[in-house]
Amino acid sequence: MLGALGIGAIAAFALAPSAASALDRTLSIVAPWEIGSTDPSKSGYVFTRLEVAETLLDADDSGQPRPALAASWTVSDDRLTWRFRLRDGVRFHDGTPMTAEAAAASLRHALGKPGPLKQAPVAAIDADGGEIVIRLSEPFGPLPATLAHNSTLILAPAAYAENGQVTQVIGTGPYRIERLEPPQRLVAARFPDYWGAKPAVERIGFLAAGRGETRALMAESGDADIVFTLDPASQKRLRGNRKLQVHAVPIPRTVALKVNAGHPFLQDVRAREALSLTIDRAGIAAAILRTPDAAAGQLLPPSLPEWHVAGLPPLGRDIARASALLAELGWTKGADGILERGGQPFRLTLRTFPDRPELPLIATAIQDQARAAGIDLRVSIGNSSDVPAGHRDGTLELALMARNFALIPDPLATLLEDFGPEGGDWGAMGWTEPRMAAVLAELRDATDPARRAELRRQAVTLLQAGLPVIPVARYQQTAAVSKRVEGFTIDPFERSYRISSLRWAP
Amino acid sequence: MIVKAVGHRLLQAVLVALAVGVLTFLLTGMLPGDMAFRIAAGRYGYDHVTAAAAEAVRAELGLDRPAAMALGHWLWDLLRFDLGDSLVSGDPVVEEIAHQLGHSARLALTAILLSTLLGLPLGILAGLRPGGLVDRASLVLATALRAVPQFVVGILLILLVAVGLGALPVAGHDSAAHGLLPALTLALGMAAVSSRVTRDATLAVVRSPYYAFARTKGLPERAAFLRHGLRNIGVPVLAYQGVQLVYLIEGVVVVETLFAWPGIGHALVHAVIARDVPMIQGTALVMGLTFVLLNGLVDLACAAIDPRRAQA
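In order, the protein sequences belong to chains F and R. The UniProt record's numbering applies: residue 1 is where the first sequence begins, and numbers increase by one. The UniProt record's numbering applies: residue 1 is where the second sequence begins, and numbers increase by one.
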């Protein structure tokens, strides 16, 4: 037995130097997300984050659009025609120049596939000289932000097959793919003809590791230089490791309960308020997320200053008040401590899914907390698609989700999707609030900054009053980074891993 | 006799292919949840799974057509050795499986090799001195290893060998060294049982009349063991490897996920979650046929080394 172990160890030592050769120092990045496909509509985020491919626009740390492949842009007076002037001298990784025709063709491919661009009122996308012209059927303010979404990556004509399938990723980013082995592995090297500043790190290797334990141990052993998405328990352990730095940044992703406001138990806003009052947000933030300030007092986080209303009284816990509200609605406590009305127990199914590992834990905490007010929740853990499917067939009662309000850097696009007149698959359900529809419709096209600020304040206040979704906690993006690496920051919009601004420690 | 055995296995392979295809199809059809929504979640991620995305998937893949027709298509394609395209990635299932099967096979072969290196000598030592220190210690170790889930064994090995000693990488699949820990995780569980089977086989041989006779007639201990012992011990041990294959294939699913190893078990889990039916059918088919093939090889090997059959 020892002999066999010895052989294994010898083999390992024999091979180890080639894997960690100093000649081609490879920055090793580990994250949970797999590379499902070469198609930007499916796996575009991987290629954006690894800086292999780029979009027309980018977003700064507060979510404001900033130039990327488009150097500047204008909009016509009727706000229906947008013109994007492309940066000069940009080359694709196959050496061909990025022309307006090529970029327009990429966007038309994106338009034909599910994604935010398809949901925008786009009538036509054309190339005109060095510009891309996008014509809309109605004004749509968040268009620049939509063009920062990773499903709208600009790829070379040779990347597409005749049927529109993306066969290989030929982007414009500072890194060019050397080896792509879906679903887990990608190796990329610095692209010498990149239009922007030359990155310091020559090569990067990406590995998708689905298990949180595996990722944490890779950080701990030094196998990986950067490990994203740490579970709360590992975070604590890794913080004690002298070779590592642990980063945590709140991102515009909010853990919230999606409520079926059309359900007889939840129709009255007082019932939704009572449910919200049972939730111990501070407890969940401290005990489950291990980040005490992650409690969400309103839907949108302070990191989106335009959308966070400072004076709004935060949502909190008050069981006595919850019980009083429920009593007003005719609910009385039964022998088993569960509320009853007309012979019916207050019993609802709370659906959630394990894609974000905290969700099932938070769901069971909410289950326990709601019981204190006599509400009996049944937690059902399934697939993420059960939420939109349940919304559509009307069977959904409650869902716990982690909604990203900055999928497109301008949260308005997501809010329009979630709280439009019909509600949204990941937003309101059975909730009718005509004022909300009017506010969002005006925001879609308002240009006056003061008026826009007022409208945003109204929208957030209406959401806080009507509670079509009940905010619970803020989400943190976390990373463990080896001290061999300098200059690491987390992009709060999860668009980029910012590898091109890293350097090796001397 | 060999022709008959091969023919029997071929028939078995055809039946397995049919059963796997039809069963996976029926079972995936019975799973709760809307298939179009599941595929959309697999493709676009949960931030983007919406009714609109699901409808686009439904229209693109023709998910509304009758189930019997879809199954008929799959069988017809199978006859032409075409496993179809993955519903999630859009790539041919054959290509994806070819990539993954290689990784899994490497893992499984290393695991079998390691488990033989570990289990066989230990079992023989224990069997030669039943009740001795090696026998008792290996019984405790084997019981413990078999009782602990593979997932835990894997994490303990990572902690000990990769994090503690820094001798091997934690996870990934870049170099041969990456394969050792996952293979060892599988091998320890297999060796736990095969060492006990070897021990019992050794004991049975050592106590048998023919072995006693070999020694009575004056053969030295070593020669008696090599000539009359080893080969007779080999038969039940090898036969047991057939049974171990089930454990190996089960284990591959767990171990591949833990070690970020891109094998067929990993692919099967993801395909089931995303309701990627052609991918489920393809991977299950390949796993089933591999099982038939390996069992066939074990049978042939047993026949070849069994001294009783050679004389018959």
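No lab work stands behind these hints, which were simulated from the structure alone. Where hints are given, some of them may not hold.
Which chain R residues stay away from chain F? Per the calculated CB distances, all over 12 Å, these [stated by the list, open to error]:
no.: 1; residue: Val49
no.: 2; residue: Pro66
no.: 3; residue: Pro130
no.: 4; residue: Asp135
no.: 5; residue: Ala147
no.: 6; residue: Leu159
no.: 7; residue: Pro169
Just so you have them, the derived chain F footprint on chain R, three or more residues with Cβ under 8 Å [what the hints assert, rightly or not]:
no.: 8; segment: 41 to 48
no.: 9; segment: 74 to 84
no.: 10; segment: 234 to 241
no.: 11; segment: 294 to 305
With beta-carbon atoms standing in for the labels, derived distance ranges [said to hold, decoys possible]:
no.: 12; chain 1: R; residue 1: Val22; chain 2: F; residue 2: Ile381; range: 54 to 62 Å
no.: 13; chain 1: R; residue 1: His8; chain 2: F; residue 2: Asp368; range: 54 to 62 Å
no.: 14; chain 1: F; residue 1: Lys236; chain 2: R; residue 2: Ala105; range: 53 to 61 Å
no.: 15; chain 1: R; residue 1: Met69; chain 2: F; residue 2: Glu454; range: 52 to 60 Å
no.: 16; chain 1: F; residue 1: Arg79; chain 2: R; residue 2: Val22; range: 41 to 49 Å
no.: 17; chain 1: R; residue 1: Trp76; chain 2: F; residue 2: Arg25; range: 16 to 24 Å
no.: 18; chain 1: F; residue 1: Asp268; chain 2: R; residue 2: Arg65; range: 56 to 64 Å
no.: 19; chain 1: R; residue 1: Leu156; chain 2: F; residue 2: Gly89; range: 35 to 43 Å
no.: 20; chain 1: F; residue 1: His263; chain 2: R; residue 2: Arg65; range: 43 to 51 Å
no.: 21; chain 1: F; residue 1: Arg452; chain 2: R; residue 2: Ala176; range: 25 to 33 Å
Each residue gets a CB set at the ideal place from its N, CA and C atoms; glycine is no exception.
Each hint tested on the structure:
For Val49 of chain R, the non-interface assignment is contradicted: its Cβ lies about 5 Å from the closest Cβ of chain F, within the 12 Å cut-off. Once the 12 Å rule is applied to beta carbons, Pro66 of chain R is consistent with being away from chain F; the minimum gap is 21 Å. Separation of Pro130 of chain R from chain F is adequate, the least Cβ-Cβ distance of about 19 Å exceeding the 12 Å criterion. Distance check on Asp135 of chain R: its Cβ is at least 14 Å (rounded) from any Cβ of chain F, clearing the 12 Å threshold; non-interface status holds.
At roughly 19 Å, the least C-beta separation between Ala147 of chain R and chain F is larger than 12 Å, which holds for a residue marked as non-interface. Listed as a non-interface residue, Leu159 of chain R fails to keep its Cβ farther than 12 Å from every Cβ of chain F; the least gap is roughly 7 Å. With 12 Å as the threshold on Cβ separation, the claim that Pro169 of chain R sits away from chain F is violated: the shortest Cβ distance comes to roughly 5 Å. Using a Cβ-Cβ cut-off of 8 Å, 8 residues of the segment 41 to 48 of chain R lie near chain F, which meets the minimum of three, so the contact claim holds.
Interface restraint, the segment 74 to 84 of chain R with chain F: violated (0 residues with C-beta to C-beta distance below 8 Å; minimum three). By the rule of at least three residues with a Cβ nearer than 8 Å to a Cβ of chain F, the coverage given for the segment 234 to 241 of chain R is violated, with 0 such residues. Under a criterion of three residues with beta carbons nearer than 8 Å to beta carbons of chain F, the stated coverage of the segment 294 to 305 of chain R fails, only 0 such residues being counted. Roughly 30 Å separates the CB atoms of Val22 of chain R and Ile381 of chain F, a value that falls outside the hinted 54 to 62 Å.
At roughly 58 Å, the beta-carbon separation of His8 of chain R and Asp368 of chain F lies within the given 54 to 62 Å, and the hint holds. Between Lys236 of chain F and Ala105 of chain R the CB atoms are about 39 Å apart, so this pair departs from the stated range of 53 to 61 Å. Taking the beta carbon of each, Met69 of chain R and Glu454 of chain F are about 57 Å apart, inside 52 to 60 Å as hinted. At about 57 Å, the CB distance of Arg79 of chain F to Val22 of chain R disagrees with the hint of 41 to 49 Å.
As the Cβ distance of Trp76 of chain R to Arg25 of chain F is approximately 52 Å, the hint placing it in 16 to 24 Å is violated. Between Asp268 of chain F and Arg65 of chain R the CB atoms are about 44 Å apart, so this pair departs from the stated range of 56 to 64 Å. A hinted range of 35 to 43 Å for the beta carbons of Leu156 of chain R and Gly89 of chain F is inconsistent with their spacing of about 55 Å. Checking the proposed 43 to 51 Å range against His263 of chain F and Arg65 of chain R shows it is violated: the Cβ atoms sit about 35 Å from each other.
Range check, Arg452 of chain F to Ala176 of chain R: about 59 Å between beta-carbon atoms, so the 25 to 33 Å window is missed.
The structure does not agree with the numbered hints 1, 6, 7, 9, 10, 11, 12, 14, 16, 17, 18, 19, 20, 21 stated previously, though it agrees with the rest.
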